[in-house]
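Chemist: Start from chain P and add chain G according to the hints.
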Amino acid sequence: MALKQSKFILLLLLFVFLLTSCGTGETAETGKSVHIVMPGTSGIDNPETNYYKNWLEEQTGINIELELVSPEYMPEYLRLLFTPGNTSDVDAVFLSGEFISLDLIESYGQDGYILAMDDMIANGENISTVMKLFPTLHNHMAVNDGHFYYMPNFTYSAVFRAQQMLWMNSDWLQACGVSMPQTTEEFRQVLRAFKEGDPNGNGIEDDVPVAGNFTIDSQNICYYLMNAFVYTDPNAAFMAIKNGKVYFAPATDEWRDGLRYLKSLYDEGLLSNSCFTFSDKQFTRLINDPRDLTGGFTSHDIADVLAAGSPALASRYIHVPPLEGPEGVRVSTVSTNKPSPGGIITSYCQDPETVFALMDFMLGEEACMIAAFGEKGVDWDTAGISEIGFDGNPAVITVQSPEWDLVKNKNFSRLGPFVGYPAISDGVAWNGYQSDQRYLNARAARVYQEYEPSSYIGALQTTQYADEVRMLVGEYTKKNLNMFVIGTKDIEDDEEWQQYLDELESLHVGGLVQAVQAVYDASEREAQHEDSTK
Amino acid sequence: MKTQRNKLTALCLLLFLATCLLACGGADVGGADPGWEAQAELSAKQTPEELYEAALAEGTLTIYSNTTRIYDTQEAFEDAYPGLITDVQFVRATDLINLLETESSVEDPVCDLVICTDSNALLSNQFVPEGLLYKYVPHDISEKIKPENNGVVLDFMIEAAILFYNDDVYDAPPLTNWWELTEPRFKGRFYMVDPLRSHTTNALMFTMIEHSDEMAQAYYDLYGVELDVPEGSSAGQEFWRMLLQNDVQFTSSSDEALEQVGMPGQADPPVAILVSSKERKTDLGYSIAPIYEMQPAAGVLVPCSIMMHGGSENVNAAKLFIRFLLGEADGKGAGFTPYMHEGSWSVRTDVATPSAIQPEDVDFWILNRTFFAERQQEYTDYWTTLREETA
Chain P
1 MALKQSKFIL
11 LLLLFVFLLT
21 SCGTGETAET
31 GKSVHIVMPG
41 TSGIDNPETN
51 YYKNWLEEQT
61 GINIELELVS
71 PEYMPEYLRL
81 LFTPGNTSDV
91 DAVFLSGEFI
101 SLDLIESYGQ
111 DGYILAMDDM
121 IANGENISTV
131 MKLFPTLHNH
141 MAVNDGHFYY
151 MPNFTYSAVF
161 RAQQMLWMNS
171 DWLQACGVSM
181 PQTTEEFRQV
191 LRAFKEGDPN
201 GNGIEDDVPV
211 AGNFTIDSQN
221 ICYYLMNAFV
231 YTDPNAAFMA
241 IKNGKVYFAP
251 ATDEWRDGLR
261 YLKSLYDEGL
271 LSNSCFTFSD
281 KQFTRLINDP
291 RDLTGGFTSH
301 DIADVLAAGS
311 PALASRYIHV
321 PPLEGPEGVR
331 VSTVSTNKPS
341 PGGIITSYCQ
351 DPETVFALMD
361 FMLGEEACMI
371 AAFGEKGVDW
381 DTAGISEIGF
391 DGNPAVITVQ
401 SPEWDLVKNK
411 NFSRLGPFVG
421 YPAISDGVAW
431 NGYQSDQRYL
441 NARAARVYQE
451 YEPSSYIGAL
461 QTTQYADEVR
471 MLVGEYTKKN
481 LNMFVIGTKD
491 IEDDEEWQQY
501 LDELESLHVG
511 GLVQAVQAVY
521 DASEREAQHE
531 DSTK
Chain G
1 MKTQRNKLTA
11 LCLLLFLATC
21 LLACGGADVG
31 GADPGWEAQA
41 ELSAKQTPEE
51 LYEAALAEGT
61 LTIYSNTTRI
71 YDTQEAFEDA
81 YPGLITDVQF
91 VRATDLINLL
101 ETESSVEDPV
111 CDLVICTDSN
121 ALLSNQFVPE
131 GLLYKYVPHD
141 ISEKIKPENN
151 GVVLDFMIEA
161 AILFYNDDVY
171 DAPPLTNWWE
181 LTEPRFKGRF
191 YMVDPLRSHT
201 TNALMFTMIE
211 HSDEMAQAYY
221 DLYGVELDVP
231 EGSSAGQEFW
241 RMLLQNDVQF
251 TSSSDEALEQ
261 VGMPGQADPP
271 VAILVSSKER
281 KTDLGYSIAP
291 IYEMQPAAGV
301 LVPCSIMMHG
311 GSENVNAAKL
321 FIRFLLGEAD
331 GKGAGFTPYM
341 HEGSWSVRTD
351 VATPSAIQPE
361 DVDFWILNRT
371 FFAERQQEYT
381 DYWTTLREET
391 A
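The listed protein sequences derive, respectively, from chains P and G.
Counting along the first sequence from 1, when you hit position 448 you're at 448 in the working numbering, and nothing is skipped either side.
Counting along the second sequence from 1, when you hit position 273 you're at 273 in the working numbering, and nothing is skipped either side.
These are computed hints drawn from the structure, not numbers from a lab.
Every residue, glycine too, gets a C-beta built ideally from N, C-alpha and C.
Be a bit skeptical, because a hint or two may be false.
[Said to hold, decoys possible] Estimated spans, in silico, between C-beta atoms of each pair:
{"no.": "1", "chain 1": "G", "residue 1": "225", "chain 2": "P", "residue 2": "174", "range": "46 to 52 Å"}
{"no.": "2", "chain 1": "G", "residue 1": "42", "chain 2": "P", "residue 2": "279", "range": "50 to 56 Å"}
{"no.": "3", "chain 1": "P", "residue 1": "328", "chain 2": "G", "residue 2": "221", "range": "42 to 48 Å"}
{"no.": "4", "chain 1": "P", "residue 1": "45", "chain 2": "G", "residue 2": "142", "range": "48 to 54 Å"}
{"no.": "5", "chain 1": "G", "residue 1": "283", "chain 2": "P", "residue 2": "253", "range": "35 to 41 Å"}
{"no.": "6", "chain 1": "G", "residue 1": "283", "chain 2": "P", "residue 2": "279", "range": "30 to 36 Å"}
{"no.": "7", "chain 1": "G", "residue 1": "47", "chain 2": "P", "residue 2": "174", "range": "54 to 60 Å"}
{"no.": "8", "chain 1": "P", "residue 1": "384", "chain 2": "G", "residue 2": "352", "range": "38 to 44 Å"}
{"no.": "9", "chain 1": "G", "residue 1": "146", "chain 2": "P", "residue 2": "279", "range": "51 to 57 Å"}
{"no.": "10", "chain 1": "G", "residue 1": "354", "chain 2": "P", "residue 2": "454", "range": "44 to 50 Å"}
[Said to hold, decoys possible] If you only want the chain P side, here are some residues facing chain G, beta carbon under 8 Å, derived:
{"no.": "11", "residue": "182"}
{"no.": "12", "residue": "385"}
{"no.": "13", "residue": "443"}
Pulled out of the complex, with its shape left as it was, chain P reads as follows:
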């Protein structure tokens, strides 16, 4: 009996040894298992054979039980998971910002369904490195109650920073014999030429000089044109900064001048009604229409607008630098990424340290490379000496497939804890295909970088109250921009303008400005302190 027992123990030890020896890297918590739920994506065919999952298991020694949930069902799944009285063996949820809001994270955290990771994050190796690399991350990740409830899903780019870039139809420019515009007045001339010149040559008055929509801020042509008058950033509740002083752009005379300009375009029929009424879907349908109906549009990412795999269409559009306004204003709105929740630990988890160790490992640069591009040597590789990255510097990696962001079953499609390091965002070499729309974006974004203002508000973290005011003010501003341009309100009527300003004030814009100023001042002091201690 004792012999049998010792044989069993030996066999068990051998089994454990075999299991652990499968890993090739340094194993942190060997032999432990975690149950993770995440949204299913087209990039994960089979969780059991997923390259990234297996690689993580090998590297960490942690057995990963991956359960996929239909993406549409994800919010409902989370609601049920975090229902009072529920029990579950789900240790963690991997996701990204599109599946859960920060408000919900905070709510679930305060209700005790999600574990605060304050101490673990303070001591995590990779998360600490990432926070040093991106100093604003720490403030952004702490929710309003001061706790850290998630590991980030965050992409940083020094290049892809322009919130809006203008793309113009080069075939139409040539057909009408006009050059790409440099100023708002030249832009008007180009739109006139497009409107009158039948640039698509079909003899029908179906030419839309410039397209836009009011659903997606980056595709709102009015916001883009406003940047020739005053810095316009809807993501910062239209707050801007001059000489260290925060101000609300829509309450300025420059904004009023911008509205006058927009109205004049509208009155001439150069800005069509569709710019104010179209949804983003109608907008993209218009631009991708094979009848070649559009002279220009704005976007943060051209891939958001042009259909994938449409090289002929992509070759038609060229980027145009920011337009200069009558007073010489010429700026590009800076898009600053905030982290979104990439991984949360549930209160059902019996071993949070193991889950955290896995998530922290996923933030390492090597893991993130695989998470972004797939298998090294197969899907991507180190760049050669002759390759140039999207940022114009020597490239870090080259990718093998033209559709390099669509590798199959090699990663989690960038869901879960993930950091898009500069090498991942900016260090990729162009694959040589016209259809690589990221390359088109990069070329445009590098031009727009030159027009970034010296200081801007960006995505500052404020209080929940300020967030609510910000939303109300944003909606009001947008609505009134529309009304002044299409003439429902008279931009030349001083009383009407004053009424608009008064209403803004009643929405506590002043208080919002003060709140943003306070946060801005604090971040400036922090930055100065960091500089002085270096």
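Modeler: Coordinates of chain G only, in the frame set by chain P:
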């Protein structure tokens, strides 16, 4: 004895040639099925009508191209021949070559037509001999093609690799001798695509090395002293070494380099090597102008070829497209219209492109494909080493 020696010499030559071919850097590519060429009837005298009728029974015509103007030709082709569908993939020349090599082992190739500059001579020296690519010249156009453009490969258009400057800022070209680019005033102010990523700059680099005697003379003419050339190097190689040391700015594509030079509103724009046909971009508002007066030569003429892919299942559509791109029998067809502009020249004797400057007006070097074939690996290694040393 003499016969034996001759045999030995022939064997050595054969081995040398084989080594050269392998050393060209291209992987061994698989050719088309031996019966394909006969079935394709590449020398048949077919009319456009006959080809069109036969093409209607074929599938989508897939074209790999390193010229974006082909999209305009594509649109015109589909208008002219309703029912025929084309799929054009624009790929940078070096990537296009890689793509062809990668796909060469596929039994049923996707690609039907290849449009690419052959400035590193891989098409003519490797892909054609190995049966991956085939030349088709329409019988009623053949005699109208300049002989130098109707050799192993068929060229349909000629451009030149030359320097461009910003004519909005400069009243006249800011330099007239290539050696000026090695001076401090152009430090960090000269853009180009790496020769390993661009057939255009690759052609220029090789050609300058080939014409090292002229490069040495140009140096003397500019500075009044002989260029100090280390043993084992040449004036051409020294030029590229000194250029690299002057902080050359590399881009991924010539369009990027063009934007650096020609984006309006600049105070101190750089210069860049581009293909001459980029001059058409002035229509869009880019402030660029070519420099045709350069010592010892303005640049090198770079033909663009169109070849059929061996094994293509859409032979008739491919033949029809080639005819169309060449401008049909009379040269007046719409297919070549997208190439009728400044800095782009026809290969036909009966078609004059409306460019104010014609190739014969300028002192251009002529691309020497044999030199490329013989020295490709040597100078590729040379350049790679230089890049690593200056990285």
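Chemist: Taking the hints in turn, state whether each one holds.
Modeler: Outcome of the hint check:
no., hint, result
1, G/225 - P/174: 46 to 52 Å, "holds (48 Å)"
2, G/42 - P/279: 50 to 56 Å, "holds (53 Å)"
3, P/328 - G/221: 42 to 48 Å, "holds (46 Å)"
4, P/45 - G/142: 48 to 54 Å, "holds (52 Å)"
5, G/283 - P/253: 35 to 41 Å, "holds (38 Å)"
6, G/283 - P/279: 30 to 36 Å, "holds (34 Å)"
7, G/47 - P/174: 54 to 60 Å, "violated (34 Å)"
8, P/384 - G/352: 38 to 44 Å, "holds (42 Å)"
9, G/146 - P/279: 51 to 57 Å, "holds (55 Å)"
10, G/354 - P/454: 44 to 50 Å, "holds (47 Å)"
11, 182, "holds (6 Å)"
12, 385, "holds (5 Å)"
13, 443, "holds (6 Å)"
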